[in-house]
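Asker: Please take these sequences and the hints and turn them into a complete structure.
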Amino acid sequence: MLKQVGKAEIRVDGPAKVTGRASYPQDLYMAGMLYGKTLRSSKPHAEITIDTTEAEGLKGVIKILTFKDVPHNHYGVLFKDHEVFCSKKVRSIGDPIAFVIATSEKIAHMAIEKIKIDYRELPGVFDAIEAMQSDAPKIHDKGNLIYHYKLRRGNVESAFDRAAAVAENTYRTSMVDHAFLQPEAGLAYLEGSQVVVCVATQYPHFDRQEISEALALPLDRIKVINPAVGGAFGGREDITLQIHLALAAILIGRPVKAVYSREESFAAHSKRHPMVMTYKTAADAEGKLIAMEASIVGDTGAYASWAINVIRKAGVHATGPYVIPNVKVDSYVVYTNNPFAGAMRGFGATQVPIAHEQQMDILAEKLRLDPIEFRLKNCFKPGDRTATGQLLHHSVPLVECIDKVSEWMNQNTGADGGAIE
Amino acid sequence: MKEISLRVNGEERSAEIHEEMRLLDLLRDALHLTGTKEGCGEGECGACTVIMEGKTVNSCMVMAFQAEGKEIITIEGMATKDKLHPIQRAFLEKGAVQCGFCIPGMVLSAKVLLDENPIPTRDEIREGISGNLCRCTGYNKIVDAIETAAGYLNTGGDSNA
Ligand code: FES
Ligand code: FES
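Respectively, the protein sequence lines represent chains R and L. In terms of our numbering, the first sequence has 40 at position 40, counting the first letter as 1, and numbering is strictly consecutive. In terms of our numbering, the second sequence has 1148 at position 148, counting the first letter as 1, and numbering is strictly consecutive.
No lab work stands behind these hints, which were simulated from the structure alone. Among these hints, one or two may not hold up.
Heads up, simulated DSS-like pairs for lysine-lysine below, C-alpha to C-alpha not over 30 Å straight-line [what the hints assert, rightly or not]:
1. Lys7/R / Lys1083/L
2. Lys142/R / Lys68/R
3. Lys1083/L / Lys3/R
4. Lys68/R / Lys80/R
5. Lys80/R / Lys63/R
6. Lys381/R / Lys328/R
7. Lys116/R / Lys43/R
8. Lys68/R / Lys106/R
9. Lys106/R / Lys223/R
10. Lys1141/L / Lys404/R
11. Lys1141/L / Lys1081/L
12. Lys1002/L / Lys59/R
13. Lys1094/L / Lys7/R
14. Lys1083/L / Lys1141/L
15. Lys313/R / Lys80/R
16. Lys68/R / Lys114/R
17. Lys288/R / Lys381/R
18. Lys3/R / Lys1002/L
19. Lys1070/L / Lys3/R
20. Lys114/R / Lys150/R
21. Lys3/R / Lys63/R
22. Lys59/R / Lys88/R
23. Lys106/R / Lys1070/L
24. Lys116/R / Lys80/R
25. Lys366/R / Lys288/R
26. Lys223/R / Lys68/R
27. Lys106/R / Lys1002/L
28. Lys1094/L / Lys404/R
29. Lys7/R / Lys150/R
30. Lys59/R / Lys114/R
31. Lys7/R / Lys1081/L
32. Lys1094/L / Lys1081/L
33. Lys7/R / Lys1141/L
34. Lys88/R / Lys142/R
35. Lys142/R / Lys114/R
36. Lys280/R / Lys366/R
Computed from a predicted model, the values in this text were never measured in an experiment.
Answerer: Set out below in structure tokens:
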């Protein structure tokens, strides 16, 4: 069983990928296939009415799908807060409103231009802190606050009173796109009593469930095939075109293909949560961290996706890899009218180092300590306990890592600033 | 509609094209050479790289009619029936392939680089693939692979070199 461990093996899909034989969804073609194109909202918050009459009259247009065609018009990983097609209102730019099925991509494009959307704009909110105010425009029926994670350990107030140095600052991170190299694409067709959807995805089993729920079809009527996936990084955890394609193939009975442009790809999938992080961190005269208080607000945009898990993870990792006896963390995640945020590499743990590491540098300066020494004094070692109470009794090779990095930094300080390839 | 002929991977090919067709569409939709990828459609990512008259081009930025009478090499033209090109082999051996979507373009850019400069430095390799984006590998292993491939090619491309 352990034949391969410790050996450099050639990956099984490698030969197909270096020769161009690997099939990504856009590489699939079928005889008689039709093309699908999505009409997306151009407004961040508005009530809508949709008129497809003129577009339907275009030669080569087979059908235009809207919310009226979807048996259960919703999906979503944690909450079913996305609509397959917006029915009454749009909540962010890029929300899908209609799906044109036509004999060519060009005709589908032309038909999109001919669909009339009457937008009655609503006040929007684009800042996570503003979205928490009681009078902020509501994105969904309930309030904008989705989740509040609390972490309490010791007593931060009394620790701040006896601190030798305190740093208090607010940090903001931006929205980030995965920009995987292969834009979303898919092909759906009927095979006996089943609808087959070929799509690059991180969760074929979950996609199948989402399609089944939205289309009110039993699971065994749906097959999801995951051909080669051109990168994902969390950005293929939510549904994009899966339900649209399945519905199109079922209603028309012919294969239907859709390929997103790079621009549409940006509009269609999740982003990394932007966060506003207010930190107060304190150390004693010996350079030991004694307290940290943090408030973290994440912007999940118009849909929750993995918001709860991401913001909980940000809260759990808020201290960074440091022993701090007194900790108070509140992390919140809220809806806004921004593009929705979800999973992206690190899942909430990527944003907090922007804050906790700058806090470490600022405190080291205040204490007149070398920033590396300051980190070594406070970082996790075997036998330590994290702020959430976890006892670290296995390997914690952080000291070795910091030592190695500082050794390399001291060796490689040439004209290029010590860049290590 | 217009019929054009061109040489693709050493073979004489002809295809019906229309005026809006890009070389990328000609290769993928008309000739079914889907190893050439579209990552952006605007000349930024290099996934659609092919070799035209010995030079790399972004096939999304070349119109199909411009390829009339030209000599084109796509990724499908790199390996022979039973043997990978040394560049392809080096990519596999060095772990330079992850999702693979950038790889056809990378391999073709590497070919032109090594045709013109058989012993490139690592910086020259980086320069040579600067028009090709990869979101997975972080590039280092791709640079390793091209360095290794240069070695193979300079010793005759033998698989045991
Ligand atoms: S698809 Fe041609 S450069 Fe990106
Ligand atoms: S291997 Fe995925 S983009 Fe390069």
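Asker: Compare the structure with the hints numbered earlier in the document and write down the numbers of the violated ones, lowest to highest.
Answerer: When the structure is compared with the hints, numbers 18, 19, 20, 21, 29, 35 turn out to be violated.
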